[in-house]
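Chain by chain, the residues:
Protein chains: 4
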Amino acid sequence: MNIAIIGATGYGGVELIRMLAQHRGVKQIDVYSSSKHNTMLSDMYPHMKDLYNEILQPLEAADWSAYEVVFLSTPPGISADWSETIAKHTKVIDLSGDLRLKNSATYEDWYQRESAPETLLKEAVYGLTEWNRNEVAGTSLLSNPGCYPTAVLLGLLPLAGKAAIDPSNIIIDAKTGTTGAGRTPSAVTHFSEMDGNFKIYKVNEHKHTPEIEQALDMRTGENHPVTFSPHLVPMTRGILATMYVPLTSGTKSGHIEELFHQAYDKEPFVRVRREKAFPATKEVYGSNFCDIGWTVDERTSRLTVVSVIDNLVKGASGQAIQNMNVMLGADEKEGISQLPVYP
Amino acid sequence: MNIAIIGATGYGGVELIRMLAQHRGVKQIDVYSSSKHNTMLSDMYPHMKDLYNEILQPLEAADWSAYEVVFLSTPPGISADWSETIAKHTKVIDLSGDLRLKNSATYEDWYQRESAPETLLKEAVYGLTEWNRNEVAGTSLLSNPGCYPTAVLLGLLPLAGKAAIDPSNIIIDAKTGTTGAGRTPSAVTHFSEMDGNFKIYKVNEHKHTPEIEQALDMRTGENHPVTFSPHLVPMTRGILATMYVPLTSGTKSGHIEELFHQAYDKEPFVRVRREKAFPATKEVYGSNFCDIGWTVDERTSRLTVVSVIDNLVKGASGQAIQNMNVMLGADEKEGISQLPVYP
Amino acid sequence: MNIAIIGATGYGGVELIRMLAQHRGVKQIDVYSSSKHNTMLSDMYPHMKDLYNEILQPLEAADWSAYEVVFLSTPPGISADWSETIAKHTKVIDLSGDLRLKNSATYEDWYQRESAPETLLKEAVYGLTEWNRNEVAGTSLLSNPGCYPTAVLLGLLPLAGKAAIDPSNIIIDAKTGTTGAGRTPSAVTHFSEMDGNFKIYKVNEHKHTPEIEQALDMRTGENHPVTFSPHLVPMTRGILATMYVPLTSGTKSGHIEELFHQAYDKEPFVRVRREKAFPATKEVYGSNFCDIGWTVDERTSRLTVVSVIDNLVKGASGQAIQNMNVMLGADEKEGISQLPVYP
Amino acid sequence: MNIAIIGATGYGGVELIRMLAQHRGVKQIDVYSSSKHNTMLSDMYPHMKDLYNEILQPLEAADWSAYEVVFLSTPPGISADWSETIAKHTKVIDLSGDLRLKNSATYEDWYQRESAPETLLKEAVYGLTEWNRNEVAGTSLLSNPGCYPTAVLLGLLPLAGKAAIDPSNIIIDAKTGTTGAGRTPSAVTHFSEMDGNFKIYKVNEHKHTPEIEQALDMRTGENHPVTFSPHLVPMTRGILATMYVPLTSGTKSGHIEELFHQAYDKEPFVRVRREKAFPATKEVYGSNFCDIGWTVDERTSRLTVVSVIDNLVKGASGQAIQNMNVMLGADEKEGISQLPVYP
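Chains as they are written, first to last, in the UniProt record's numbering: chain A, 1 to 343; chain B, 1 to 343; chain C, 1 to 343; chain D, 1 to 343.
For reference, chain A alone in the conformation it holds in the complex (with noise of 0.2 Å):
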């Protein structure tokens, strides 16, 4: 199996790289990237030295009809014009945000720039692949979700449009390591600002905030916003959302398990707690797994929702990966099956 990986330089290219290396499906891995040409990638990550050779390629030159996927890791904004060409030629997997929302006034209130143009959108398949795994196989394009929805997702879907639950007033507070910011140096992730502080950003302004709620309503078949407060933490990887979920009247420990279980027990990659037991960042850390903590409080009738992710693997190259697995009929975990790097 031949793989190309556009915007190879990027945090979510490199992972790729590092998990498909592993993948027994794969033969060969080509990068392609838009601003930088004749560099071997190693020269810029000098862990990958004389484990991954392969020189940055343009896209211009490129026969898409040559790989069997051709992964989009770019920024937002170029991935509409690329994978509808790439798209007549072979499947892509698109890891921007451009193809996630299917309103594109949403898209554009919420990205602040023009959206990619509807019929796109519409073909695009949201790759949640625990929830959408019929359409993610019969699809040649899928649009990988974000971090932080996958994290909140994960934790709230199994709930969503259950009596359980009062979808009316959700409010997540989710945390992240600093590599869900990119690879482009900043004043906010420079490390003598960032090292022993803790800080809270685009608070409710965050554009995944849209990608949460498309995927409730669709369950609940109703309109709830949702609120949504993402926090800087000085650590490089990892996911923490915390959710706060009313509880409705009647509604038990036993019920709550009994959601998540009927959810999570035959997925590979999801793993939930018995209740009051709940997941750190660093033992999903390097790995695809979500873990999923929680508790029903009877003093406020409230249910506590905890998931953790790795950003940069479940929320983002390591779904990607299982995304393929499954477009391609292959095993779902193929590649994509090593134990968290602990500690």
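Calculated directly from the structure, the hints in this document are not laboratory data.
Incorrect hints may appear among the rest.
Copies of the same chain look alike in the list, so a pair counts if it works inside one copy or between any two.
With a cut-off of at most 30 Å between alpha-carbon atoms, the simulated DSS-like pairs for lysine-lysine come out as follows [unchecked claim]:
1) 333 to 49
2) 252 to 49
3) 266 to 333
4) 202 to 333
5) 88 to 102
6) 333 to 27
7) 162 to 102
Predicted, not measured: the structure shown is a model, and the values here were computed from it.
Position chains B, C and D against the provided structure of chain A, taking the given hints into account.
Relative to the frame of chain A, chains B, C and D by itself:
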């Protein structure tokens, strides 16, 4: 002025010394410990070498009337006895949680141990200085607030009891550095386990919950449970509390801004930011300041309040000295007006 | 292939499982502990939940002949007995330091405890794979190198015994992440004490000193003490050793470069950088690689060699599996060829 | 007393303000910048909000004679002009490296830029206060030492020129927190790249090398190159320098101890530990202290000296204020005697 510190070997005690050493009214600081004697405190804390050379003394031998103030920086469960004894001779400031709750049943429920006598609970003044200055000025027995309640209440009290908000559905998502867990090594705070890791703990079970509720209920005249979720951040110092408050219909940004400014414009240690300008923990590192940010979300009719403190200073020893200054009629800022250490 | 791990509750044991789980020749991994029984290892390490469900077993009941290899990942002082017993039935790889030194007096001097019997010391093969491959292949009792000696010796052995350098004045300034100190909480590795802190420890007294000297002296045929200074870095994983080596008159860069390339051009796990391109610890994170940088300073006639490893992988469990592969005649890279996890 | 700071937007400038704000002799602190005007410094540094409200002013408009002292906290290459101009009107303390080396050819060699005029280099007094107090007291143009040289020289000067050591083979392995690299974001100090990572940089090429050699050679009357290797630690503040010094035959511990005590027993900011009791960087965090540990190794006839400072305080702004106090005949400790912030 002569000062005694009981339980000086913990982080709170050491931080008291750091700031009292700069207090122009303080002549002598003596240190007492129930477990270590005949040891120089600086042998345990080499950062004090040559600067603070006092020897840890046993409590039994002390003449408490020789001190203007005695600080109790002891673990929960032992300050009841000592504060009663010492308060007969001089002013006492108790940094343990033993005297914070007015209701002994609530204490026993959340602390899972026997409460101090009700008479003592009644006598003790709760030292959230900004909101209780007059009582603080008149007492000989001060109970210093907990670290989380300080951050949370400074953020919420300007709103509590006001028509602008609905006090019945408040959610508090709080994050702390590891010094909040004290100086005793444990698996949770072992560096290899905590570095690069973000954790939630004691969900709905943290002792500071009833302390927060008591202060809010006192303002509203009602009884509302809050949801309180503490988290551990891989950093040494600092608390950031993110608080979600439902707004009543028609409440606008300007009204919230006014409430914060009314409350804090004359306060030397609380700094209110303009809307959407959120503080980060490092901006108060090593200082007695509490910085508050906030924003109104019209989509969800919800107010987000963010407050940050240094848990060892405004959340413990700094506020204790602030209270000492008020109790003694000194300049409230003396010894604790240093700028934050940044970066 | 069936594998047993004794002392599986430490970081070394857990790391063995992470990599053996990816080894295509391994069918079953059993775990033994002298202190914990009837507990699932994943109850202590939730990152393994659902992925590795074995129960810790007592050593007494084991049938060692049922295993192709038994790993001893035990604290110093107890592997002598067990390795002797087990080696009668199957191949043993000892990760403790008990069998590394050939001279029992040296052991007792530096370890301050009784040595294993001299016959056992003689029998045990020192498993620095790159420099001892033939002996490793033929042994049933392998002593796995220490973490520091692995980093140091891979950097120095290409030079030892060569005319290019003077072996009599070598200084090694080494830095490690905190997992080198193990899993037991202590004041030194308490997060609040270690975060934002850089420390030196055991100056001139570290047990790895004679291990380094033994290997160097074996190559030079001389006896030279080295200066070895270990330091603790506020990070979880990784060793960087900076080594200062006096050059003999006339030695040029090109000669040094040649020595490194001669030594390692065919080695799968050692990567030599070009002069002045120094590696950082994170570039080998989670992997079995050792990266080496170096530069010649003509002003001082001194060579600086820098080597980095992941202390838990190439410095412990990864190298142990590399040795296992050699001992069993399998592909040396099997199970341990993953790319580093970056960033 | 009125003070001006030029280049106040960097970490050095901000740290000057933190400490000058506590100096009882200082009435007013004005801030100047060549790039930013009409901005409040606290808009860039919210930790100063409400506490320091001055506006950044352009240099052209200044009346330097209105200030008792002007601090130049500017990047290399621009202080030569300004210090010459301003020194005509008042006392100047230059924190850049431009005036530290007496030999302009050496400057141009290591800094790769044109040197300040030799007359200015001659006039400027090197402000390592403990070793140059008399000259500091008499000058109007002070050149403040570099961060590394401060740590290194305070550790080595008690020994330089003494028969106890051989000055010809000194090796300095130094480690710094990231604030040493300043406030401008870069790939090297991007949090995701620096967190959990330990790096070496500028091996044998760091500009502070000739500054160290100049001071040592001045004491020995000889010319000896030193080996100097700087490293980056994943922490914000602090330098730890490990220094390896060959002993002459017959030198004993007691003699070394005596040399350190002779040098520093009367010094308020240098603390000498007893043999083998080594300091860690956090033990001087936020303070002007330099702590020194040491040990003699008879096996190798080598002395190890370890010194720690806070690079922004004793290694920059704190020492600059110490020099200011000496230049003005004030109490040397005024404004900078705070205890370290621990933990």
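Subject >> Structure versus earlier hints - violations, ascending order >> reply: The structure breaks only hint 4.
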